[in-house]
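Start from the sequences and build out the full structure, keeping to the hints where you can.
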Amino acid sequence: MVLRGSLLLWIAGWMVAAFLWAPLVPVLGETTRVLYFHIPVAWVTVFALAWSMVHSLLYLRRRNMEHDHHAMAAAEIGLLFCVAATVSGSLWAKAMWGSYWNWDPRETSIFFLLLVYAAYLALRGAIDQDERRARLSAVYSATAFVAVPFLMFVVPRIYFTLHPDPLINPRGKIDMDPRIRVVFFALLAGFTALYFWILSVRVRVARLERRSQEA
Amino acid sequence: MPSDGLNSRAAVWAILRKECRSEWRTRYGLNASLLFALTSLTGVSFAVGRLSDRTDILSALLWIVLLFSALASLSHTFVREVEGRTLTLLRLVASPTAIGLGKLLFNLLFLLVIEVVTVPLFLTLMAAPGPRWPAFLGVLGAGSVALAAAATVVGAIISQTRGRGALFAGAAFPVLLPVLAAAVSGTRAQWSGGAVGPELRLLCAYAVALLAASLLLYDHLWED
Amino acid sequence: MSAVAVALEGKDVQHRYGARVGLRAVSFNLTAPGVVAIRGANGAGKSTLLRILAGLLRPSHGTTDFRVSGEAISPPSRPRWVGYAGPELAFYPEFSAAENLQFAAETRGLADPDASVRTALERVGLQSRASDQVAALSSGMLQRLALAFALLHDPPVLLLDEPGSHLDEEGKAGFEDLVARERGRRLVVIATNEEREWSLAERWIELQGRGLGDPA
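Protein chains in written order, with my numbering: chain A, 840 to 1054; chain B, 38 to 261; chain C, 63 to 278.
No lab work stands behind these hints, which were simulated from the structure alone.
Note that this is a predicted model, so its numbers are computed, not measured.
Backbone N, C-alpha and C fix where the C-beta goes; we use that ideal spot for every residue, glycine too.
You may find that some hints are simply not true.
[What the hints assert, rightly or not] With the C-beta cut set under 10 Å, the calculated list includes, among others, these residues of chain B facing chain C: (1) ALA47; (2) SER59; (3) THR63; (4) LEU67; (5) ASN68; (6) SER77; (7) THR79; (8) LEU124; (9) LEU127; (10) LEU129; (11) ALA131.
[What the hints assert, rightly or not] Some chain A residues well away from chain C (every beta-carbon gap over 10 Å; in silico): (12) THR871; (13) VAL873; (14) PHE886; (15) THR925; (16) ALA932; (17) GLU970; (18) VAL1021.
So, in structure tokens, the structure goes:
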């Protein structure tokens, strides 16, 4: 109870600091503030995907339903964070470069993740039996695991050469000012902790649902 | 007593032969798929017209037609087994890996048949410039193998769910996207005189990765 | 063919279909040769148990141990050693009876597929209908085809789920002859509620369970 409250205070506090205390990045201007939300959220998206895929593989190995709960919960949360990352990124792009969507490498990557999440959850929704759902979604997850490195790193490079856009990626310049760095990492930690909190709740719900079915 | 185990080349070939014979006897699968490919091709050609100078768009359109044809056709081998309830028989005579490989080879053959009809028609209808055949066929071949590998394993998954065509397309698309990107880029490169080496390598690497993963995964696909 | 030493042991094997109990915990120890009958109310799990023994279904709890000549056989490899015939076994309608068996024989890698197919068809009395399309066969004929399929690769264990269903009097008598011939060479496991088939066995497994749709 105390932990949850302090986590929310932590995030809220550092968000305020992001507006009042941390300086602006010259290139970004006022849009600097977005990076404190957008990048941690995007990071959690990728982290959640990795968590989900690892637990899928563990399920195939060990056949323990706990792994399936984690795989499902991480995917659900990951999807939410992915939508948040996509939208915040799009708004940032609009503010920075004047258009909502450009298919630049980063935007393309996050969109692909959205597709993978959506496909995984759609697949789960189409299977009624618990064991079969766990097993087949794990197999799909393992297949997507092969695709993700290609989707995230290789394809955007190809798209970049297909649609060359002299857009500067501002990421490199950010971690210069110590105050920015502090706020950024504080919020990175905060959002990651938020992910784990929601994950633990969702996993517990799934576990209880299964136990009540088996009783 | 059986001389080989369930895991054998004999099983893969026997399954491939069975699929071919079955397709030949019923033929509605191939007819429907060819019709679909030709319909999408006609639609594209009608809407866009001749495109001799825009090889970038040509590449994209070619692979979109092929992708859609694959999505419309390549899940059928498994769906037919499930709907005909013959999956039990298949599982009793062959290992899951042999089943997967046999179906993969069939899907590849199926795709190649569609391409033999569709690709020349595409090149003609769209008034495409003459391709550099070795490079063009190389990208086509590598892309087809990757397409078939992805579509077969995803098809095997989807055939056991409530969802069918739409879910197959939705689930296969993320896995097929790298193929689409690399194949379009490679096809464009061979028309604009560039090198197709990088894209070809990527397609081959992806196909190999998918094959390796699916060979490990087929064992988990049918357990009930 | 001399009898192969086969041992089939189950410890607390049970299976759930989601919330529903498909098979309550059952333990057993069977050895070849001989005839075993499994009985239970509808929904008690006879078919489920046979499918688990055949390696077609992974049970949600419990373990099965299948040994041939002392060597343990994992579930994915069991279909090679087991001849299974059950109601959900369907054949390819676009092929003939013989072609279906031929496909099975070739895929299994049998040394002489043609001979195996001929022998199997003769054993069940289907030789005259061998080249008929499966789609044209009656349910009784299909049942015989299923038995032929189970015998095709000469397995040491036969798992037969309601083998007498759809069979006419001649078919049932033929089946009893078959069991009489095989009981000294193979382990024959029959899941049935038919008194006639039940009495063919020397050992029996009675499954507990209260019927279909029972939420445990």
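Against the structure, the hints:
1. ALA47: holds, 4 Å
2. SER59: holds, 6 Å
3. THR63: holds, 6 Å
4. LEU67: Violated - the Cβ of LEU67/B stays beyond 10 Å from chain C, reaching only about 14 Å at its closest.
5. ASN68: Cβ of ASN68/B sits 15 Å from chain C, so the hint is violated.
6. SER77: violated, 28 Å
7. THR79: violated, 31 Å
8. LEU124: holds, 9 Å
9. LEU127: This hint holds: LEU127/B lies near chain C, its Cβ roughly 8 Å from the closest one there, short of 10 Å.
10. LEU129: holds, 5 Å
11. ALA131: Result: holds, 5 Å to nearest chain C Cβ.
12. THR871: Its Cβ never comes within 10 Å of chain C, the nearest being 51 Å, so this holds.
13. VAL873: Holds: least Cβ distance 45 Å, greater than 10 Å.
14. PHE886: holds, 31 Å
15. THR925: holds, 35 Å
16. ALA932: Check passes; 45 Å lies beyond 10 Å.
17. GLU970: It is violated; GLU970/A is separated from chain C by about 7 Å at its closest Cβ, not greater than 10 Å.
18. VAL1021: Holds, since 50 Å exceeds 10 Å.
Violated hints for the displayed structure, listed by number in ascending order: 4, 5, 6, 7 and 17.
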